[in-house]
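Here's the letter readout for the chains.
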Amino acid sequence: MRHPEHEDFLEEDWLYEAITETYVPLISVFEGLVADGIDFRITMTLSPTLISMLSDSLLQERYLKHINKLVELSQKEMERTRWQESFRRLAEMYFSRFSHARDIFQKYNCNLVNAFKKFQDLGKLEIITCGATHGFFPLMGVCRDSVRAQVKVAANHYESVFGRRPRGIWLPECGFCPGHDEILREAQIRYFFTDSHGLLHGTPRPKYGVFAPVYCKGTGVAAFGRDLESSKQVWSSIEGYPGDYNYREFYRDIGFDLEFDYIKPYIHPDGVRINTGIKYYRITGSGNNKEPYVPEWARDRAADHAGNFMFNRQKQACYLNDLMGKPPIIVSPYDAELFGHWWYEGPMWLDFLFRKVACDQNEIRMITPSEYLEENPRNQVITPSFSSWGYKGYSEMWLQGSNDWIYRHLHAASERMSELARNFPRAEGLLRRALNQALRELLLAQSSDWAFILGTGTHTSYAVRRTKDHLLRFNRIYEDIKSNNINENWLSDIEYKDNLFPNIDYQVHQ
Amino acid sequence: MKILNKVKEKLKKIIRAKPVSLKTKKNKSAAIERPALTTGDIPGFQEAIAVNTKFSHPEDMRARTVMPQELPSSYDQDKIILQVRDPRWLHTYWELRNQTIEGLKNKLGDEFYRAKKILRVYDVTNIVFNGFNANSFFDIQYNDFANSWYIDTAGPGRSWCVDLGLMLTDGRFITILRSNVVSTPLDSPSWITDEEWMIPEDIFARLYGMGFGLGKSSPVGRGWQQRLKQGLFSSGVSSSPVRKEAKERSFWMKVDCELIVYGATEPDAKVTVQGQPINLRPDGTFTLRYYLPDSKQVIPVKATSADQLEERTITPIVTRETR
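Protein chains in written order, with the working numbering: chain A, 1 to 510; chain B, 511 to 833.
Since the hints were made in silico from the structure, they are not lab data. These numbers were taken from a predicted model, which means no experiment stands behind them. Glycine is no exception: its CB is placed at the ideal position from the N, C-alpha and C atoms.
BS3-like, lysine-lysine: derived pairs with alpha carbons at most 27 Å apart:
hint, chain 1, residue 1, chain 2, residue 2
1, A, K356, A, K124
2, A, K118, A, K152
3, A, K124, A, K315
4, A, K76, B, K780
5, A, K356, A, K315
6, A, K482, A, K468
7, A, K232, A, K290
8, A, K107, A, K118
9, A, K107, A, K117
10, A, K124, A, K232
11, B, K764, A, K264
12, A, K217, A, K392
13, B, K764, A, K76
14, A, K315, A, K326
15, A, K76, B, K806
16, A, K392, B, K739
17, B, K627, B, K617
18, A, K124, A, K107
19, B, K812, A, K76
20, B, K739, A, K232
21, A, K326, A, K217
22, B, K764, A, K290
23, B, K806, A, K290
24, A, K468, A, K497
25, A, K117, A, K65
26, B, K812, B, K780
27, B, K739, A, K315
28, A, K152, A, K497
Under 7 Å between C-beta atoms, here's a sample of chain A residues computed to sit facing chain B:
hint, residue
29, W83
30, S196
31, L200
32, T203
33, R205
34, F386
35, W389
36, H409
37, K468
38, L471
Only chain A is shown next, with the shape it has when bound in the complex:
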């Protein structure tokens, strides 16, 4: 989401951090692999909102400003740490990484979607879509039209960017409800993912557990189930790789550690300290004492962990192969931001893993869901279970005392949108603009992020404001359309603010 009226805003900071710490490092890894002739496969979701943000020229301009400041800060750091050798070499590392991020960003014309598209066209990366604004589908149960709009807007947006229909979708929060596969089929989406219990508790029992996809009964859309063993190795806060003592400590950033006047130009303009991305310590141990980060040690650990991950997958695959009598598929989904942002060495770990799998063994190989389905068209037919990968596995995170009040408003707005789409089948001109904007506002209000923030119970006022703003704008457009009194000035104003999906067609909401 962009906020043209503010110079500095929440989601924009997230975007910049993600570009510098996750997307650019991943793109660098892919570039290196292609240059070295290493064959690899990875499937990534690029949500329509992320694609929109990456393609927005205002945000691109602001990112350049942002990365230039980071380069400048790292230069200052190289000087400041002159008498502290273990820090100075890290300042140099950051200087080179930030400069490199700026180079990569500019190499792809300031639009990283071009980079991802390149690796998709090379057949290494499969990009899948997501809900248009990350609405949580299971809580739109009574508003099928909205689920359809979330899927169709996303799929159409994908097609306009990548020149073909998306083959797969990452359902927001992995939230699946039986019956929504029908909507996926309408959008020509061939597969989606569920958490492990989505398949394991499906009916009838899935013969191969989560180690083979199933087709949904009645629609034939494929569902792949998440493997928890491989998730645990990377994800678990207790036994997962990212907690290794040699890895970089996330929570010690110079944005918080350094003297105020010095760091002030690089934190929030109002003087609130934030992460800058420059962090000098390694996790070190379980206490508060932290020692300087040693990149060489971290690199060695990343290589060890990649080897360990591969070894475990080989063993797992061999065992499953014997048990099932056919090769299993192991689906290991992670948040993209885990790699680089939370786990600094994550992209490096992936790089080692790709190289080892390609060069050091021949028991397992990497595959995209599309390739798997082409090679293995015969699969069991079941109805997967309602499930999500959120807290406790279902809807509770988004449906509890602190956020349940939003649904009566969201559902009412959804009904109203269907009514508008029905009553104005072929709108033109200003009316059409108003109808399209109504759908934009509805989609924005449906983002599950608002309910999630409300559910966490801390700093909820922003989420309340966002939910209300979009719903109030929607309601006003609805009233204006019904009373045939559209205020063009006001409409232009909110079209400028909430400008995503320029080619949206309100008719998808039915």
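Chain A is already provided as a structure; the job is to place chain B on it using the hints.
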């Protein structure tokens, strides 16, 4: 999505930033009062200004359509919606039009006030529900002010429908609204196996346990409970896979030292500090800032005139010792 920590960090800043951003808005509106700019032409400004005027220029309010700040308390509908929270719990919310309530009052008279407000929860698994053929039902009495309710069905893998109604003193139940039908998911593997794809129980048990990352011998019945204990949900309680260490005690202090070396010379002179060339500002001044570890630092600052005929060296010596 692991956004919890980011949300904490960043919403803090947004919230604290508020007074200042209001100030900037004021500045913007001041700029707009200049004749060169017309408000309506600047996209993105109008709504922000409308908010701002609420605080500073109440007289301008009349000229603009002001957005309401709160959502409507009702949508003038008779409606009850049922949704599933998890294998065991449902959530329902409802809305009744005033005229519907008035109608009931007229029809029932005093009986309306004596009647209990009831949610009747029907088990409608595997049937087409017609109001009379439920497999079973149970009643929940709700209070006057409620407009939503969490229902414990204790029934995974079943279908449900809810009537909002009144229980009259003579025991009759009157339905006011009927909800949509929903199904709770199973919390264990289905008992239905596919003949075409038969698989022996013990092999399935192993696949089931492995699917949950529990190793090769997990009893099928308890798989889900163990999965819950394991966590590993994306947006679970711990939002980051990277541990954050709790501070051992709440009270703390830290102290560190940096050294600022500054000076001035002819703007076209060449200056080195500890042998390293540095850049001067256009007016010939310079400032350097160093982290100062416990040590003795000898810092020769040497300036050479542009024609290289003159030279000055000044050498501060600084010792830091922390006790």
